[in-house]
Amino acid sequence: MSNSIPFNLDPPGTYIYTGEMATKGYKLTRFGLSLRRPDNREKFLADEDAYMRGAGLSDEEIALVKARDWTGLLQAGGHLQAMLKVAATLGQNLWHIGAHNAEMEVEELMRLCPRKVNALPGGEE
Amino acid sequence: MAKIIGGFAISHTPSMGMEYDKGMANGFSPHWQPWFDGTRPMKEWLAKMKPDRMVIVYNDHLNHFDFDAYPTLAIGIAPEFRQADEGWGLRPFPSLVGDVDLGWHLTNKLVRDGGFDLTVCQDLAIDHGIYSWMPYLKDTPWDTPIVPIAINMVRHPIPTSQRLYNFGKSIRAAIESFPSDERILVVATGGMSHQISGARFGIANEKLDRYFLSKLKSYVQELVDLPQEELMRLGGTEAAELAIWFAMRGALTDNIDEVYSYYTFPAITGCGVIAFEEKG
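Protein chains in written order, with this note's numbering: chain A, 1 to 125; chain B, 1 to 280.
FYI, nobody ran anything at the bench for these hints, they're computed from the structure.
Remember, it's a predicted structure, so these values are computed and weren't measured experimentally.
Errors might be hidden in some of the hints.
Said to hold, decoys possible - Simulated coverage check for chain B against chain A, where a stretch passes if three residues somewhere in it have a Cβ under 8 Å from a Cβ of chain A:
#1 21 to 35
#2 40 to 51
#3 81 to 87
#4 110 to 123
#5 166 to 178
#6 243 to 252
To be verified - Between beta-carbon pairs, the in silico distance windows are:
#7 S180/B with L90/A: 25 to 33 Å
#8 D123/B with K43/A: 19 to 27 Å
#9 M1/B with G122/A: 36 to 44 Å
#10 S29/B with G122/A: 51 to 59 Å
#11 A173/B with P6/A: 41 to 49 Å
#12 W45/B with G72/A: 45 to 53 Å
Claimed, not checked - Just some of the chain B residues that point at chain A, by a computed CB distance under 8 Å:
#13 L73
#14 M232
#15 R233
Think of the CB as a built atom: it goes at the ideal place given N, C-alpha and C, for glycine as much as any other residue.
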């Protein structure tokens, strides 16, 4: 993926979090938000599989987390703010999610940011 | 009756908070030093204004609420508001001080007269939506009680810009019927341009952000009339949070001075602040 930024709201550039996504990813999001609690973070780190099975995640969802497939997790309806808590618990951060989404190395994305564009309403159609 | 003496709007990001803690301990990074410097005049202005209360319209980022029940509009009414653990532990700051009387008054007026059916939260943990910028502007112990109002910005549908502008007008009416001589600031926080997921991660539209800042005082309706999708298309999905700023602007009259404005783009979020004072 180059540094060109499309001026539209379509995937894979943008994932809009709709009600449909919230329904699809309800358990994934709930799992991520459970990691707001320090005791749950410890339990998850101690045994990822057991914790995720306990949270009711499907095999597919567990595989996405195990692969740190942040893009796949967003596509599966995991809310970014909830997946960010999963990343943080695993020692990663927002840049790792962004880099995965943009198909870049973290260092490359950090070097490119801020990814400057210049357009006012009605522009760059 | 209580009086609105002005208002301000300011961006928020988790990194703004983390960089404050690092910066105060070891000096600010070159990316964040401008924001620290640029908020010094705001801190001085706030100290000069000495508001008795601040009504703060912000957004939660799934740090207090979750999707079992995610309110579109919610008000915090409690003596204090603890800091939310966002998944990486708490920062070294005390709970924010609340004002129960003003909170209930606003709720009564907004629900019964204003047509805004708020979810009332008697326990509300507050995230970087307020905690990230507050230390730049206020020292601890916090001495200005707040009433926080949370707007859903994490799952569509989000409230329309016109709705939030109207919400601000109703906030004004509610404050002006509060039986006290308190001097109140209305605050909004969110935005500016940023997108933190998808391949457009990191989009930075300084031109859009400066356009927004330049129009907020005298041409706010032009901004309100912009489709939110247009703000998102040009400034990133999270630029929709700029709609929160209309709640602050709507709470002010047109008889205002713009007393300060500053903008910089430290990393992945356009960071702006703008302050208005009522002339009346």
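Q) Do three or more residues of the segment 81 to 87 of chain B come closer than 8 Å to chain A, measuring C-beta to C-beta? A) Contact hint for the segment 81 to 87 of chain B vs chain A: holds, 4 residues under 8 Å.
Q: Hint says 36 to 44 Å; check whether the CB-CB distance for M1/B and G122/A agrees.
A: holds, 43 Å
Q: Given that the segment 110 to 123 of chain B was listed as covered by chain A, double-check it with a C-beta distance under 8 Å for 3 or more residues.
A: violated (count 0)
(Q) Verify this for me: three or more residues of the segment 166 to 178 of chain B with a beta carbon less than 8 Å from a beta carbon of chain A. (A) violated (count 0)
Q: Look at the Cβ atoms of D123/B and K43/A and judge whether their distance stays inside 19 to 27 Å.
A: Holds, since D123/B and K43/A (Cβ atoms, about 24 Å apart) stay within the stated range.
Q. Cβ-Cβ distance between A173/B and P6/A: within 41 to 49 Å?
A. holds, 43 Å
Q | Per-residue hint verdict: R233/B, partner chain A, C-beta under 8 Å | A | holds, 6 Å
(Q) Using a Cβ cutoff of 8 Å, are there at least 3 residues of the segment 40 to 51 of chain B near chain A, or does the coverage claim fail? (A) violated (count 0)
Q) Falls inside 51 to 59 Å, the C-beta gap from S29/B to G122/A? A) Violated, at about 36 Å.
Q. Measuring from beta carbon to beta carbon, are W45/B and G72/A in 45 to 53 Å?
A. This hint holds: roughly 47 Å between Cβ atoms.
Q. S180/B and L90/A, beta-carbon distance inside 25 to 33 Å?
A. violated, 49 Å
(Q) Closer than 8 Å Cβ to Cβ for three or more residues is the test here. Does the segment 243 to 252 of chain B pass it with chain A? (A) violated (count 0)
Hint compliance for this structure: hints 1, 2, 4, 5, 6, 7, 10 and 13 are not met, and every other hint is.
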